[in-house]
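Trainee: Letter by letter, the chains look like this.
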Amino acid sequence: MSTPVAELGRADGRTAADYDVAAVRADFPILSRRIHGKPLAYLDSAASAQQPRSVMAAVDDYVARHHANVHRGVHTLSQEATNLFEAARETVRAFLNARSTREIVFVRGTTEAINLVAQSFGRPRLQPGDEILITGLEHHANIVPWQMLREQTGAKLIVAPIDRAGNVPIDAIESRLSARTRLVAVAHVSNALGTVLPIKDIVRVAHARSVPVLVDGAQAAPHEIVDVQALGCDFYTFSSHKVYGPTGVGVLYGREELLSEMPPWQGGGDMILSVTFDKTTYNTLPYKFEAGTPNIAGVVGLAAALRYVETLGRSKVRAHEHRLLGIASRRLQQVPGLTIVGTAPARSAVISFTVDGIHPHDLGTILDAEGVAIRTGHHCAMPVMDYFGLPATARASFGCYSSEDDIDQLLDALEKAREVFA
Amino acid sequence: MDLSELYRDVILDHYKTPRNFGSLDPADGAADGHNPLCGDRLHLTVQIDGDRIRDVRFEGKGCAISTASASLMTEAVKGKTRAQVARLFDDIHHVLTERDFSPSQDLGKLVALGGVREFPARVKCASLCWHTLNAALEQRERGPADQAGAAAPSISTE
Numbered sequence: 001m002s003t004p005v006a007e008l009g010r011a012d013g014r015t016a017a018d019y020d021v022a023a024v025r026a027d028f029p030i031l032s033r034r035i036h037g038k039p040l041a042y043l044d045s046a047a048s049a050q051q052p053r054s055v056m057a058a059v060d061d062y063v064a065r066h067h068a069n070v071h072r073g074v075h076t077l078s079q080e081a082t083n084l085f086e087a088a089r090e091t092v093r094a095f096l097n098a099r100s101t102r103e104i105v106f107v108r109g110t111t112e113a114i115n116l117v118a119q120s121f122g123r124p125r126l127q128p129g130d131e132i133l134i135t136g137l138e139h140h141a142n143i144v145p146w147q148m149l150r151e152q153t154g155a156k157l158i159v160a161p162i163d164r165a166g167n168v169p170i171d172a173i174e175s176r177l178s179a180r181t182r183l184v185a186v187a188h189v190s191n192a193l194g195t196v197l198p199i200k201d202i203v204r205v206a207h208a209r210s211v212p213v214l215v216d217g218a219q220a221a222p223h224e225i226v227d228v229q230a231l232g233c234d235f236y237t238f239s240s241h242k243v244y245g246p247t248g249v250g251v252l253y254g255r256e257e258l259l260s261e262m263p264p265w266q267g268g269g270d271m272i273l274s275v276t277f278d279k280t281t282y283n284t285l286p287y288k289f290e291a292g293t294p295n296i297a298g299v300v301g302l303a304a305a306l307r308y309v310e311t312l313g314r315s316k317v318r319a320h321e322h323r324l325l326g327i328a329s330r331r332l333q334q335v336p337g338l339t340i341v342g343t344a345p346a347r348s349a350v351i352s353f354t355v356d357g358i359h360p361h362d363l364g365t366i367l368d369a370e371g372v373a374i375r376t377g378h379h380c381a382m383p384v385m386d387y388f389g390l391p392a393t394a395r396a397s398f399g400c401y402s403s404e405d406d407i408d409q410l411l412d413a414l415e416k417a418r419e420v421f422a
Numbered sequence: 001m002d003l004s005e006l007y008r009d010v011i012l013d014h015y016k017t018p019r020n021f022g023s024l025d026p027a028d029g030a031a032d033g034h035n036p037l038c039g040d041r042l043h044l045t046v047q048i049d050g051d052r053i054r055d056v057r058f059e060g061k062g063c064a065i066s067t068a069s070a071s072l073m074t075e076a077v078k079g080k081t082r083a084q085v086a087r088l089f090d091d092i093h094h095v096l097t098e099r100d101f102s103p104s105q106d107l108g109k110l111v112a113l114g115g116v117r118e119f120p121a122r123v124k125c126a127s128l129c130w131h132t133l134n135a136a137l138e139q140r141e142r143g144p145a146d147q148a149g150a151a152a153p154s155i156s157t158e
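Chains as they are written, first to last, in my numbering: chain A, 1 to 422; chain B, 1 to 158.
Derived from the structure by calculation, the hints contain no laboratory data.
For glycine and all other residues, C-beta sits at the position ideal for the given N, C-alpha and C.
You may find that some hints are simply not true.
Unchecked claim - Derived DSS-like pairs: lysine-lysine, alpha-carbon spacing no greater than 30 Å straight-line:
| id | chain 1 | residue 1 | chain 2 | residue 2 |
| --- | --- | --- | --- | --- |
| 1 | B | 109 | A | 416 |
| 2 | B | 61 | A | 416 |
| 3 | B | 61 | B | 124 |
| 4 | A | 200 | A | 156 |
To be verified - On the chain B side, residues computed to face chain A include the following (Cβ under 10 Å):
| id | residue |
| --- | --- |
| 5 | 6 |
| 6 | 40 |
| 7 | 41 |
| 8 | 61 |
| 9 | 62 |
| 10 | 65 |
| 11 | 67 |
Chain A on its own, in the form it takes in the complex:
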């Protein structure tokens, strides 16, 4: 189990010497806060990432100078708001390398995106006995919508299990594809363990049987370079707040061919071309799926966040985080009684662990008193916890602003916890 950890962070073969983490940190005002008199070591970016000044400035500028409703008015402000909103769609399209902005639907977040696909793609076409294939490491957001769909349609939910390292071997997925499989829905990166799933391979085996693939990219979009055409997936989802943008907004990418066939999910304004009491004609893509006034300020902020990440350089950020993951993994392994949960060779910016004799909830409290913010609990992935026989784990996660000082502070705080419970 130690070999993969030892390899982490060395695969890139370079230190991120050209990555100025101090300059990056200066872009995030919240990082200068002190918590209980200690510097903040924010190691909970997997739950929600902090926002750089440029995101706040973009939202502020939008609200202060350009706000009006989109797609509705002929007046100047409405056109400016519409232009900003549609420019953001183009920014997202480029970020995902989608073919067209018609494939980019703004939603509330990953959760809503998956529910949209379940209800609009799944519900009309699933018959009793049809199957949806997920994996054992999914977040509740990629489990519960399918269970609801199961209740509605009589379809079955099939689960490809994880192994002790936290991998889902491709065979475990391929062998569960059947003549009744109608959709594969998998995480790109596990939020609880950090495992990176081999999406290209999963798409290959699924498409070989003409089964479409939805990818829950909530944990991947901030860390991995996501190219939906290269991945070949049919749907891809992510949330703004995990990629340094505001909360309450996210993205559904869907292949145009599939989105075109799907009925609207919610009805209302903006998703129609014409309405009479007899008949309503739905709008074109992507507006067909955007009923009601959207989170315009959130979308503007999301675009600013994606531009920020592109300015840093996604491959540089990834190399930096990967290096920290390696350092943290090696150092945590030295802590007596500490066990890293999830040791897949391909991991991304997340370390789950337990410490003998100290419940994760107590760890979380003691670390917080030392200024260290980590997540403790089941990480909305209770089946993963059940598999490992754990009620909960502690989870440290990294972002573009994470530093070796954060890791030092984490290790010192863990030592403090061990003293309290000695």
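The hints should help you fit chain B onto chain A, whose structure is shown.
Mentor: Quick look at chain B alone, frame taken from chain A:
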């Protein structure tokens, strides 16, 4: 923020060496407590003479606060009547949440739980066992416990 207020010696002692750990068979009442937020689970069984708790045991997995609170509670409620337990829980609830609370009785070692009040996220850890005890006693009032324990009520705090 003073961690030594939360993790007092009494708390750590009862976490590492919980008293009355296990289950009673037969039991007159039983209940399961679950805090889904942190994954704490405890199973509580009681034996009752008339209106008095003769014996009580708990088992399960939890954090230091929930385990120590359950351990301290089992020591405190043995021999007490239903009404006395209710009054004790009422005092404990105030101890967990109010700074300058004067309890109506000598709470003994239970005052150690007062450190929780500076850590609002942890109050539910300390109160889980008390809610579970109430559920077990209520079950007893409704009728004898299912021998298999399958009918034990389950309470959840979140």
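Trainee: Where does the structure disagree with the numbered hints, that is, which hint numbers, in rising order?
Mentor: Result: no hint breaks.
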